[in-house]
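Chemist: Residue-level listing of the chains:
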Amino acid sequence: MKNSYDAIIIGAGPAGLACSAELANKGLEVALLDEQATPGGQIYRNITRTSSRQRTVLGEDYTEGLKVIENFEKAAPDYLPRARVWQAEPNGEVFLSHKKSSKKLTAQFLVLSTGAMERPVPFPGWTLPGVMTCGGMSNLFKDSSLAPTEPVVIAGSGPLLWLVAEHLFALNAPIAAILDTTPSKQYITSARHMPQALGRFGYLMKGVKMIAAVQLAAKKAKVPMYRNVKNIEAVGNEQLQSVKATCGNKQLEFAASTLLVHEGIIPNTALLRQIGCEHTWNPVQRYWHPEVNEHGATNLPAVFVAGDGTFVHGAKSAEYKGRLTAMAIAKQLHRLSKCEYKQQAAPVREQLHKELQPRPFIDALYAPRKDLFAIPDEATVCRCEGVTAGRIREIVAQGFSDHNEIKSIIRCGMGPCQGRMCGSAVLELVAERSGIPAEETRPLRMRPPIKPVSLQELANAQLEETDES
Amino acid sequence: MKADVLIVGGGIMGCATAIELARKKKSVILFEKDEPGRHASGHNSGGVRCQGRDVREIPLAVAARAMWDHHEQTVQSDCGFHVSPRLRLAENDADMAVLEKRQALLNSLGYDHEVLVDREQVRRMSPHVAEHVVGGLACYTDGLANPLLTSKAYAATAEREGVTILSQTRVIDVQKTANGFKVRTSSGKQYEGETLVNGTGAWAGRFSEMLGDPLPIYAAAPTMMVTDRVPGIMNGTSLGLTGRLLGLMAAENGTIIIGGGYRSPLDLEKEKIWIDPMQMSKAAKIMIEVLPALRSAQMIRCWTAFEGCLKDKVPIVGASTKVSGLFHVCGFSAHGFQLAPMMGRVMSQLVLGREPELPLDDFRPDRFEQAA
Ligand SMILES: Cc1cc2nc3c(=O)[nH]c(=O)nc-3n(C[C@H](O)[C@H](O)[C@H](O)COP(=O)(O)OP(=O)(O)OC[C@H]3O[C@@H](n4cnc5c(N)ncnc54)[C@H](O)[C@@H]3O)c2cc1C
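Protein chains in written order, with our numbering: chain A, 1 to 469; chain B, 1 to 372.
Calculated directly from the structure, the hints in this document are not laboratory data. Note that the structure is a prediction, hence the values are computed from the model and not measured. Certain hints may be false.
Said to hold, decoys possible - DSS-like cross-link-like pairs, simulated, lysine-lysine; straight-line CA separation at most 25 angstroms:
| # | chain 1 | residue 1 | chain 2 | residue 2 |
| --- | --- | --- | --- | --- |
| 1 | B | K270 | B | K322 |
| 2 | A | K26 | A | K67 |
| 3 | A | K99 | B | K282 |
| 4 | A | K104 | B | K282 |
| 5 | B | K322 | B | K272 |
| 6 | B | K285 | A | K451 |
| 7 | B | K101 | A | K99 |
| 8 | A | K342 | A | K331 |
| 9 | A | K103 | B | K282 |
Excised from the complex, chain A in its bound form (with noise of 0.2 angstroms):
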């Protein structure tokens, strides 16, 4: 490893690793970084060690990942895994803690990757052992091939949540309830982008293909399914022991030692708020996206956003979103002429296009609903540091509306996880009960370091010295 890069790419998902490797080609020189043990990112996590028993029930949108590792592998970029970055800055300085050192490197560029996370929904009971994420079941099926052998009861709304009951029939996991929580309505709102759509009729078939096969696994089975579930519960005194949820006017209760649960998924902006990349709302998603243009270029001349991190839009968009950024900073290093630029830009963007068709209706049909954040005023929201919902609905109540100042107050979002785990939550909050739109608020902000470092290592951290103006 050297100190200093052309570009250093941060996160090695599909579009760190397009991305890096596309430099890497040109000549760049470029360092990827990732807080993994192995390339791949969350879609093609462990890639590079799962047995072929795990590939064949994670299927083909996981292994074409193993494509993704050769391009890269080939045009051998310097990969530093185990690599956790925990300050960025726009003149191209990374922080990161790698074996318990810190350390600083700099680049001309930044590409920063960081993918996308599951958006967090408090709801009674959801800090309770045994309540999980689809996303991180799946993690744990990915990197030891665990699955529960206990009744699990899967809840939420999203392709992921399908694709998981997909892989834990596959695995004969004793399934207890699939509770499905997108509204009925939300299928004739979308409709409208259907037509669009349609442009990918072989991903939406492939879509309708898993749903189809749920459901038939589950009637063979004789899994419960629900569709249009509300208020769902994790009930429990240590441990997770049953799930409540209603639909329509029915009660109903499972017995389960592990719930599932997934609501759609937003960008990771974490790294992207500390250094300074500016966002907007996004009203039928309801996040907060950074503002790139088609190559990830953001406010910040030296910072590139790509990936999942711009806006979900899936690991092969992702892909050619981290081409598409190579190029843009390949051609600002002259590394690219204009006209090369363009000839090689053109089939990629005409690529993500193509495959960006079918998002709008996606987007659409699994929004996150209504009544997502209409959470109970005794549930905690802020785990870090035990803030209720009431407490919140109390102090914006009083008049407050900026999350910044409200965990200023009242600690929520003060912990170590910044309000990663809060934020969403909070803004829903303060919309309900302030009537204040979530892109009139001001987002929360986020302070190095974006992850903890240890006094000793900060202490001993390998930092030239900086010149202080």
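Guided by the hints, dock chain B with the ligand onto chain A, whose structure is given.
Modeler: Below, chain B with the ligand alone, put in the same frame as chain A:
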């Protein structure tokens, strides 16, 4: 729109001044370019500290400290204030000599709020301090408060007392007129007033320049970090050092706020601060030497804010010597929070043309010219 007094800056200084003037039946309009408490006043480290103050500030600080006990009555909030004794440590004999001299000086001036403590007493107050610490100077009455809660309580009280607070309203132009001042704001409106108070914090020099009264204030970005919860280590005592830069505040929830003079590079125009990890690394080194038990504590967040500073490290509080009717309250050099309640009092007295209850000669705006 007209008022007796126009106040620029919705930090704690502007709001404290506004409250006192409104209580003395003056009409007040206060302009704040962002929100009250957005800058230093809402984002300082909450140290309510008399200890280690420049002797020129001590009378004000002692008077202010008494007022911190009565916020429930004066601003209808306890401001999150609680006592956390502050202990300034001597790491060697030379440090101890400095502290002894300091106590002797304070005693000769008639103050007894800083008390010398020996090796054993230090360990009773703060059981985890390193072996090499030989003694200290304690201030048992110092404490901590919640800065944003305090700033908001001040702003809310000002409004209750009838002050018009215009948030998101920047004063972009100000002119001296025959009978006072005329200001123009970013919302395109004009306001008139007889007197004008400059409480613009880090922007105070710039603001005052508009009236042809430049002040030698510069902006700095004191930078702090906070740890995860490490209950039991600080024992409720906040710490400072004598020969090196470090301040450690023992927050009630078990986290530790670390600062004491570290600064980050900034751009005041663009309102950007780049938190400098090198500074935090330096602080961490010293911290581990002083409290080895904190080695494995985690730094979970840094923060910073703009502060107006002066090279002699005490503020400018008083009437402009160049523009009649203009009053400054600025340049608190990273320790104004504690003084705020008292600043409201003396500023209102100045504005009303009365003799301030404590002398302010040391804080004259023209003191630098006199020295030159
Ligand atoms: C990180 C940090 C830690 C600190 N720790 C402590 C501590 O522990 N103890 C202590 O006693 N002190 C501390 N201080 C110092 C203390 O916070 C300040 O001295 C005090 O808050 C200053 O108050 P102010 O009202 O003058 O400034 P500010 O709070 O900065 O208010 C000035 C206001 O003026 C507004 N403004 C500027 N220009 C214009 C314009 N043209 N039009 C309209 N509005 C304008 C600004 O937006 C700002 O809100 C600390 C400071 C910092 C930054």
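Chemist: Evaluate each hint against the coordinates.
Modeler: Taking the hints in turn, this is what the structure says about them:
no.	hint	result
1	K270/B to K322/B	violated (29 angstroms)
2	K26/A to K67/A	holds (19 angstroms)
3	K99/A to K282/B	holds (21 angstroms)
4	K104/A to K282/B	holds (15 angstroms)
5	K322/B to K272/B	violated (32 angstroms)
6	K285/B to K451/A	holds (19 angstroms)
7	K101/B to K99/A	violated (47 angstroms)
8	K342/A to K331/A	holds (10 angstroms)
9	K103/A to K282/B	holds (14 angstroms)
Violated hints, in rising order: 1, 5 and 7; the structure is consistent with all others.
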